[in-house]
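Student: Listed below are the residues making up each chain.
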Amino acid sequence: MTILKVPVNPSDHAQGSEDAPLTLLEYGDYECPYCGLAYPIVKALQSHFGERLRFAFRNFPLTQIHPHAESAAETAEFAIAHERFWEMHDGLYENQQYLGEPLYERLAVQLRLSVRDLRAALTAGTFAPRVRADFLSGVRSGVNGTPTFFINNKRHDARFDYDDLVAALEAEYLRQAA
Amino acid sequence: MSKMLQAGAPAPEFTLNVTPDQTLSLRELRGRSVILAFYPADWSPVCGDQMSLYNEILPEFRKYHAELLGISVDGVWCHAAFAKDRKLHFPLLSDFEPKGDVARQYGVYRKEGFCERALFVLDKNGVIEWSYCSPIAVNPGAEGILDALERLAA
Numbered sequence: 000m001t002i003l004k005v006p007v008n009p010s011d012h013a014q015g016s017e018d019a020p021l022t023l024l025e026y027g028d029y030e031c032p033y034c035g036l037a038y039p040i041v042k043a044l045q046s047h048f049g050e051r052l053r054f055a056f057r058n059f060p061l062t063q064i065h066p067h068a069e070s071a072a073e074t075a076e077f078a079i080a081h082e083r084f085w086e087m088h089d090g091l092y093e094n095q096q097y098l099g100e101p102l103y104e105r106l107a108v109q110l111r112l113s114v115r116d117l118r119a120a121l122t123a124g125t126f127a128p129r130v131r132a133d134f135l136s137g138v139r140s141g142v143n144g145t146p147t148f149f150i151n152n153k154r155h156d157a158r159f160d161y162d163d164l165v166a167a168l169e170a171e172y173l174r175q176a177a
Numbered sequence: 000m001s002k003m004l005q006a007g008a009p010a011p012e013f014t015l016n017v018t019p020d021q022t023l024s025l026r027e028l029r030g031r032s033v034i035l036a037f038y039p040a041d042w043s044p045v046c047g048d049q050m051s052l053y054n055e056i057l058p059e060f061r062k063y064h065a066e067l068l069g070i071s072v073d074g075v076w077c078h079a080a081f082a083k084d085r086k087l088h089f090p091l092l093s094d095f096e097p098k099g100d101v102a103r104q105y106g107v108y109r110k111e112g113f114c115e116r117a118l119f120v121l122d123k124n125g126v127i128e129w130s131y132c133s134p135i136a137v138n139p140g141a142e143g144i145l146d147a148l149e150r151l152a153a
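Protein chains in written order, with numbering that gives the first Met the number 0: chain A, 0 to 177; chain B, 0 to 153.
Excised from the complex, chain A in its bound form (with noise of 0.2 Å):
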């Protein structure tokens, strides 16, 4: 069994709660299509398991085949600076096909970010070392490719359907229980 090296910690993105008795922590990559398929079943799980179920997202962009995924996180990042992660999260996962400047631009506008200061951040490359530190941290705990999900530090190597994910989820919550 794979095991996370890093667990998520405070300084992770996470929906729900610190107690909550699961989280699912994702790699991914923002031009992955495998990841843009993962994204509606994430947001399923979270309403199905409510208060029960806490969701991380690190980044693990394929910058080599995907040339949109490390500027696409580091978008995501900028928006972190001013607490619009999720927001800007939703937004590249709903537009995966127009990833791009002028896409990240309308989102950066929609949410009231400054545009300058975001052209400043790519262009500087201000969050390219917390992007990376993502990318290293899944590379020393197994990530092999996008997405990758861990349900509470142990890598699920079995699909990543909703039904799969709610009956792996499920069973790791009637462990905690027992």
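The set of hints was computed from the structure by calculation and includes no laboratory data.
Careful, some of the hints might be misleading.
Going by beta-carbon spacing under 8 Å, a handful of chain B positions derived as facing chain A [claimed, not checked]:
{"id": "1", "residue": "R31"}
{"id": "2", "residue": "A141"}
{"id": "3", "residue": "E142"}
Lysine to aspartate or glutamate pairs mimicking EDC-like chemistry, simulated, CA-CA at most 20 Å apart [to be verified]:
{"id": "4", "chain 1": "A", "residue 1": "K153", "chain 2": "B", "residue 2": "E142"}
{"id": "5", "chain 1": "A", "residue 1": "K4", "chain 2": "B", "residue 2": "E128"}
{"id": "6", "chain 1": "B", "residue 1": "K2", "chain 2": "B", "residue 2": "E128"}
{"id": "7", "chain 1": "A", "residue 1": "K153", "chain 2": "A", "residue 2": "D163"}
Backbone N, C-alpha and C fix where the C-beta goes; we use that ideal spot for every residue, glycine too.
Start from chain A and add chain B according to the hints.
Tutor: Frame of chain A; chain B shown alone:
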């Protein structure tokens, strides 16, 4: 299939084509750690396939002054097209003629006609430090490689 070579065994010498008109011999890399990544075939259909993943991790391998070599039975032109498409920044070697000969020497050739998804980390003297064979459909990631390189650097 003969048994896969294990830690402590000397890595068999080989010379394979790395481009249509260039060859690379393992002995040329003596003095450096070497990662041999045998894989079944170019053009794996999944996102984040093994070679693309290693391509992203390359800067970490280089911190350990390790050379990464991908090896499959695909021909040189196939490798060239694949490497260009995936923007790979490390050599892919063609174990093409006699087909799978090097994979056989390392004990990682399959009767179906391609090699296993097998990893070897060699020390600077060409001795195997670590080897691992992954189920054919499972990308083994890079965790084991980095652990082995860390041990060699210690």
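Student: Confirm or reject each hint.
Tutor: Here is what the structure says about each hint:
Checking R31(B) against chain A by beta carbon gives a least distance of about 21 Å; that is not within 8 Å, so the hint is violated. Annotation: interface hint on A141(B) holds; nearest CB of chain A at approximately 5 Å, less than 8 Å. Proximity of E142(B) to chain A holds as hinted, the smallest CB-CB distance being about 5 Å (cut-off 8 Å). Restraint check for K153(A) and E142(B): satisfied, since their Cα atoms lie roughly 15 Å apart, inside the 20 Å limit.
Only pairs whose Cα atoms come within 20 Å are accepted, and K4(A) paired with E128(B) is rejected, the gap being roughly 23 Å. Of the pairs offered as hints, the one joining K2(B) and E128(B) holds, with about 16 Å between alpha carbons and a cut-off of 20 Å not exceeded. Restraint check for K153(A) and D163(A): the C-alpha separation of about 15 Å stays at or below 20 Å, so the hint holds.
In this structure, the hints that do not hold are numbers 1 and 5, in rising order.
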